[in-house]
Amino acid sequence: MRRGIAGPASTGLTGYRRRKRGVSMAAEVDEATRREYESMERWLDEHPHFSMDYFTRKATREMVNAWLFSQALSQTAMTTRESVPSAPSSGAQTPVRRVSSSDLESRGLFGSYRPILTTVDGTPSFIDPQTITRTGTTATTSTTSSVSTPRRGGVSTSQLRQELRALDEREMMLELVRDISNDLDVNLLCHKILQNVSILTNADRCSLFLVKGNKETGERYLVCKLFDVNIHSTLEEAESQAADQESRFPWGMGIVGYTAASGEIVNLPNAYQDTRFNKGIDLHTGYKTLSILSMPLRDKDGEVIGVAQVVNKCGGYGQKTEAFNEHDEKIFESYMAFCGVRLHNASLYEQSQLEVRRNQVLLELSRLILAEQSSLSVIINKVLMHTQSLLQCQRCQVLLLDDTSKLPVNPLFVGPTPRRRPARSVQGMFSQVFECAASDFEDNNMSQEEFLNRESSTTNKSARFPINIKITSHVALTGETLNIPDAYKDERFDPSDEEGSENKTRCILCMPIRNSTRNIIGVMQLVNKVDDTIFSKHDENLFEAFAIFCGMGIHNTQMYEKVVKAMAKQRVALECLSYHAVASEEEADRLRKLPIPSSDCLHLLRWDFDDIGLEDEETLKASIRMFMDMDYLSKFSINYKSLCRWMLSVRKNYRNVTYHNWRHAFNVAQMMFTMLKTGSMEDLLDDIEGLALLLACLCHDLDHRGTNNSFQMKSNHPLAQLYGTSTMERHHFDQCIMILTSEGTELLSSMSKDDYAKCLDVMEHAILSTDLALYFKWRGGFFSIVDKNEADWSNKDNRKLLRSMMMTACDVAAITKPWPVQQRVAQLVASEFFEQGDLEKEQLKIQPMDMMNREKKDKLPEMQVDFIDAICMPVYKYLAKALPSLSPLLKGCEDNRQHWQTLADSRKERQDAEAAGKDAPEVDGIDGEDTGKVSSGEKNESLEEELATVGDSPSRIILETGEEERNGSGGCCPERPTCAS
Numbered sequence: 001m002r003r004g005i006a007g008p009a010s011t012g013l014t015g016y017r018r019r020k021r022g023v024s025m026a027a028e029v030d031e032a033t034r035r036e037y038e039s040m041e042r043w044l045d046e047h048p049h050f051s052m053d054y055f056t057r058k059a060t061r062e063m064v065n066a067w068l069f070s071q072a073l074s075q076t077a078m079t080t081r082e083s084v085p086s087a088p089s090s091g092a093q094t095p096v097r098r099v100s101s102s103d104l105e106s107r108g109l110f111g112s113y114r115p116i117l118t119t120v121d122g123t124p125s126f127i128d129p130q131t132i133t134r135t136g137t138t139a140t141t142s143t144t145s146s147v148s149t150p151r152r153g154g155v156s157t158s159q160l161r162q163e164l165r166a167l168d169e170r171e172m173m174l175e176l177v178r179d180i181s182n183d184l185d186v187n188l189l190c191h192k193i194l195q196n197v198s199i200l201t202n203a204d205r206c207s208l209f210l211v212k213g214n215k216e217t218g219e220r221y222l223v224c225k226l227f228d229v230n231i232h233s234t235l236e237e238a239e240s241q242a243a244d245q246e247s248r249f250p251w252g253m254g255i256v257g258y259t260a261a262s263g264e265i266v267n268l269p270n271a272y273q274d275t276r277f278n279k280g281i282d283l284h285t286g287y288k289t290l291s292i293l294s295m296p297l298r299d300k301d302g303e304v305i306g307v308a309q310v311v312n313k314c315g316g317y318g319q320k321t322e323a324f325n326e327h328d329e330k331i332f333e334s335y336m337a338f339c340g341v342r343l344h345n346a347s348l349y350e351q352s353q354l355e356v357r358r359n360q361v362l363l364e365l366s367r368l369i370l371a372e373q374s375s376l377s378v379i380i381n382k383v384l385m386h387t388q389s390l391l392q393c394q395r396c397q398v399l400l401l402d403d404t405s406k407l408p409v410n411p412l413f414v415g416p417t418p419r420r421r422p423a424r425s426v427q428g429m430f431s432q433v434f435e436c437a438a439s440d441f442e443d444n445n446m447s448q449e450e451f452l453n454r455e456s457s458t459t460n461k462s463a464r465f466p467i468n469i470k471i472t473s474h475v476a477l478t479g480e481t482l483n484i485p486d487a488y489k490d491e492r493f494d495p496s497d498e499e500g501s502e503n504k505t506r507c508i509l510c511m512p513i514r515n516s517t518r519n520i521i522g523v524m525q526l527v528n529k530v531d532d533t534i535f536s537k538h539d540e541n542l543f544e545a546f547a548i549f550c551g552m553g554i555h556n557t558q559m560y561e562k563v564v565k566a567m568a569k570q571r572v573a574l575e576c577l578s579y580h581a582v583a584s585e586e587e588a589d590r591l592r593k594l595p596i597p598s599s600d601c602l603h604l605l606r607w608d609f610d611d612i613g614l615e616d617e618e619t620l621k622a623s624i625r626m627f628m629d630m631d632y633l634s635k636f637s638i639n640y641k642s643l644c645r646w647m648l649s650v651r652k653n654y655r656n657v658t659y660h661n662w663r664h665a666f667n668v669a670q671m672m673f674t675m676l677k678t679g680s681m682e683d684l685l686d687d688i689e690g691l692a693l694l695l696a697c698l699c700h701d702l703d704h705r706g707t708n709n710s711f712q713m714k715s716n717h718p719l720a721q722l723y724g725t726s727t728m729e730r731h732h733f734d735q736c737i738m739i740l741t742s743e744g745t746e747l748l749s750s751m752s753k754d755d756y757a758k759c760l761d762v763m764e765h766a767i768l769s770t771d772l773a774l775y776f777k778w779r780g781g782f783f784s785i786v787d788k789n790e791a792d793w794s795n796k797d798n799r800k801l802l803r804s805m806m807m808t809a810c811d812v813a814a815i816t817k818p819w820p821v822q823q824r825v826a827q828l829v830a831s832e833f834f835e836q837g838d839l840e841k842e843q844l845k846i847q848p849m850d851m852m853n854r855e856k857k858d859k860l861p862e863m864q865v866d867f868i869d870a871i872c873m874p875v876y877k878y879l880a881k882a883l884p885s886l887s888p889l890l891k892g893c894e895d896n897r898q899h900w901q902t903l904a905d906s907r908k909e910r911q912d913a914e915a916a917g918k919d920a921p922e923v924d925g926i927d928g929e930d931t932g933k934v935s936s937g938e939k940n941e942s943l944e945e946e947l948a949t950v951g952d953s954p955s956r957i958i959l960e961t962g963e964e965e966r967n968g969s970g971g972c973c974p975e976r977p978t979c980a981s
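Residue numbers (full-length UniProt numbering): 1 to 981.
Take these hints with a grain of salt, some might be off.
[Said to hold, decoys possible] Calculated pairs, DSBU-like style, for lysine-lysine (alpha carbon to alpha carbon, straight line, at most 35 angstroms):
id : residue 1 : residue 2
1  : 758       : 877
2  : 504       : 212
3  : 908       : 859
4  : 565       : 777
5  : 565       : 753
6  : 470       : 529
7  : 635       : 593
8  : 212       : 537
9  : 562       : 714
10 : 537       : 215
11 : 677       : 641
12 : 753       : 652
13 : 569       : 796
14 : 753       : 677
15 : 856       : 877
16 : 652       : 593
17 : 504       : 529
18 : 891       : 908
19 : 908       : 856
20 : 569       : 714
21 : 845       : 565
22 : 641       : 758
23 : 593       : 641
24 : 470       : 758
25 : 777       : 652
26 : 677       : 788
27 : 565       : 470
[As the list claims (entries may be wrong)] Derived CB-CB ranges, DEER-like:
id : residue 1 : residue 2 : range
28 : 796       : 497       : 25 to 33 angstroms
29 : 360       : 53        : 46 to 54 angstroms
30 : 500       : 248       : 28 to 36 angstroms
31 : 497       : 374       : 31 to 39 angstroms
32 : 753       : 724       : 27 to 35 angstroms
33 : 491       : 314       : 55 to 63 angstroms
34 : 724       : 680       : 35 to 43 angstroms
35 : 250       : 374       : 46 to 54 angstroms
36 : 792       : 492       : 22 to 30 angstroms
37 : 216       : 64        : 38 to 46 angstroms
No lab work stands behind these hints: they were computed from the structure.
Here a beta-carbon is modelled for each residue, glycine too, at the ideal position from N, C-alpha and C.
Please work from the sequences and hints to get the whole structure.
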């Protein structure tokens, strides 16, 4: 496809004709002298050979520099006069582009640079001048990147050619060399060179191809820099044509590839007779290629750095009838030798500007990063957005290391550093994964605001792309930068992660992110260059410099978030301290002097234990009895008075809420005690684990407010700001630590440093296990090892899963109690839920879910059945399968499910009867009286009436605290020897 004349072309004739013009110098000279000067100038114009010879012999460096300076000023002035003026732009509508590494990378002699930083109203910004011109925001463009030297008006191309050809070959060569002597922009220089080559060889079209790749590895190829340049074409047209060509030309293949590989000149009179010629280019462009002359372009060391190619030598009257001859080869080769020197000088100039531009970009990016420090997700997404554009990769990920926060130190140990949790497994070493893909910004898939506010993934499975855990963990652990050119050849890469995915990994660049103290806080991973190349050393160096600023930004944001959390923690602590206090010594002394009944007397070893007949003080005695029977006081040198004071303080730190109060904690601890003793779990677990589980049961709901985690988030409570996940459970653990480390209640003060750390770690995991969200997350692993008969309880991970399932089983153990106990506890739980639902309606103005909606209280049986099926039955089933000694729990759960199912069926029959217009059986309670708050000592007559129709007789429900006999045996008597401590 032939181009028309699109505008003025840049040739060597402009400077030639400009030098022919006379410049008046007689403004301040007398008339005689002026006429003498004019005569002398005319003579010099008539004898150009003498003028040139004299200038060559006599001109000084100062004269040459002055001439070059005047030429530059005259060309700039002409360009300014011919440019289109425009009104100043405020910059408000200026599109800002994300930086690409192609704007920074030094490409040898042919680096393609466009202005990276420009100024809009005094503010540095990434602005593409060509983009601005196309959008019409401003008409200002870079005079060094796209503006060709204008030709004098009224002078045609043919006239300029004729004037140049009127010179002899030596003068023509010198004139064309001079024409490129002032240009420092490589793109414009290449364009001028090709146009001058067209004049020298009388060629119709010229193209330039550059060598790319790594010579040492042998992965070399060529790319098209400018294509189909002629005397009429502009730089923009040549670049556009080059962009339409193939992205790569194979090394050693085709005419261009052969010329580059061999370094030989290729002259083809008839291109179609040579098998190396690619006829597809003519089919694509619609242009007929007849003859070709291909010339290697060498640097100062003689290394081939590109190939210049001319096509179709023009004959008379513009007809393409001639082939290129030996004279064309000679003059072409001679001119390219000069061009190689000039291009080398231009490359040195651009390299001198490279560091300045890099520094400008990094300063701009650091300003963008450090300007936002209030949100970690925003700062990291901003890092990803600029990194993806800067290094032109298909995918980019930031993986933050799990912050294993420091555990409290045993107050008796004064060491150089606090004890930290044991190191996590490789699979769990990353807490958050932030991702960015080039496709996120294609076709407006996502706005910039949506992308910046996108939250992270919390697990490998929820990430959009594989995190290559072996590679990223290696970088995180060693701090080594990995540049993998072929991922499938690296043993650390797992191909199974990409099964069924269209996004195949080719190359990976992975680097650690460090904070200001050089500690690794995360890993950044780049996958696949957009142009299908590998990550170069330049990419690696630029990535390393950029990662320094990224690490500082992430570290500063994390520090800011820690400050915010610290402030929230302070508010929570003040609130807790205003409500709670450690029990007094007097209370502890009084409890210490009381006799402690035996476990048999208190029925602590029974699966069907019921606390309804115990006063609060008796529950304290029963709790102490558990520690005594486990012999923990002697094994861990626990002071008895400290135990009494700790027990009183724990009870005091439970709020007077309907269900999650001290009584609930006591019942959970009793079930754990029964598992350890009656269920023989003490033979399976060691003493530290048993002690930690018992402490965790008593403390697992400390300072519970009668509302769940969801309510804390919805109400924006400081607890929700302090703890991101498992809000209440983490607060319970912190309260537990506060009591354990308070003066007078240090139960663990006699432990060794390692035992202390292990005990706290088991306690924390046990308390967190009472979060049902984590139960659902962890139970799959436990179920799997039980189903596969791989229950090796000596394995540390298996024991951890077992302890978490035991905590869940104890927490919901009311579902395994005799039916009268279960129905009473269910009513308490429902009452507390309804109270939260009332708060959501009144304070948050939202509609609560059914289980917390007082208006849906008639659905309690159905909800209980669903709760048993979803949560309770699976854990008891697998515990019984793994440990038959715990089977009574499963039996109790199954019995209560049958009771709730019967009640649910009765309710459904009544509803069906009402719908059919028949007389419905009277069932009071759920559909009659309102379900209110019920304490352990209150009598709920409506519940008795409702449940009397199902299962055991309501007479078995003991509603009068401490008065009735418990399961046929009398109350515990301190005077009896078996009850004494």
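Hint check:
no. : hint                          : verdict
1   : 758 - 877                     : 29 angstroms, holds
2   : 504 - 212                     : 24 angstroms, holds
3   : 908 - 859                     : 10 angstroms, holds
4   : 565 - 777                     : 26 angstroms, holds
5   : 565 - 753                     : 28 angstroms, holds
6   : 470 - 529                     : 21 angstroms, holds
7   : 635 - 593                     : 22 angstroms, holds
8   : 212 - 537                     : 14 angstroms, holds
9   : 562 - 714                     : 22 angstroms, holds
10  : 537 - 215                     : 14 angstroms, holds
11  : 677 - 641                     : 25 angstroms, holds
12  : 753 - 652                     : 29 angstroms, holds
13  : 569 - 796                     : 33 angstroms, holds
14  : 753 - 677                     : 28 angstroms, holds
15  : 856 - 877                     : 30 angstroms, holds
16  : 652 - 593                     : 19 angstroms, holds
17  : 504 - 529                     : 12 angstroms, holds
18  : 891 - 908                     : 26 angstroms, holds
19  : 908 - 856                     : 14 angstroms, holds
20  : 569 - 714                     : 18 angstroms, holds
21  : 845 - 565                     : 27 angstroms, holds
22  : 641 - 758                     : 24 angstroms, holds
23  : 593 - 641                     : 10 angstroms, holds
24  : 470 - 758                     : 28 angstroms, holds
25  : 777 - 652                     : 33 angstroms, holds
26  : 677 - 788                     : 27 angstroms, holds
27  : 565 - 470                     : 33 angstroms, holds
28  : 796 - 497: 25 to 33 angstroms : 27 angstroms, holds
29  : 360 - 53: 46 to 54 angstroms  : 47 angstroms, holds
30  : 500 - 248: 28 to 36 angstroms : 29 angstroms, holds
31  : 497 - 374: 31 to 39 angstroms : 34 angstroms, holds
32  : 753 - 724: 27 to 35 angstroms : 29 angstroms, holds
33  : 491 - 314: 55 to 63 angstroms : 60 angstroms, holds
34  : 724 - 680: 35 to 43 angstroms : 39 angstroms, holds
35  : 250 - 374: 46 to 54 angstroms : 52 angstroms, holds
36  : 792 - 492: 22 to 30 angstroms : 29 angstroms, holds
37  : 216 - 64: 38 to 46 angstroms  : 41 angstroms, holds
When each numbered hint is compared with the structure, no violation occurs for any of them.
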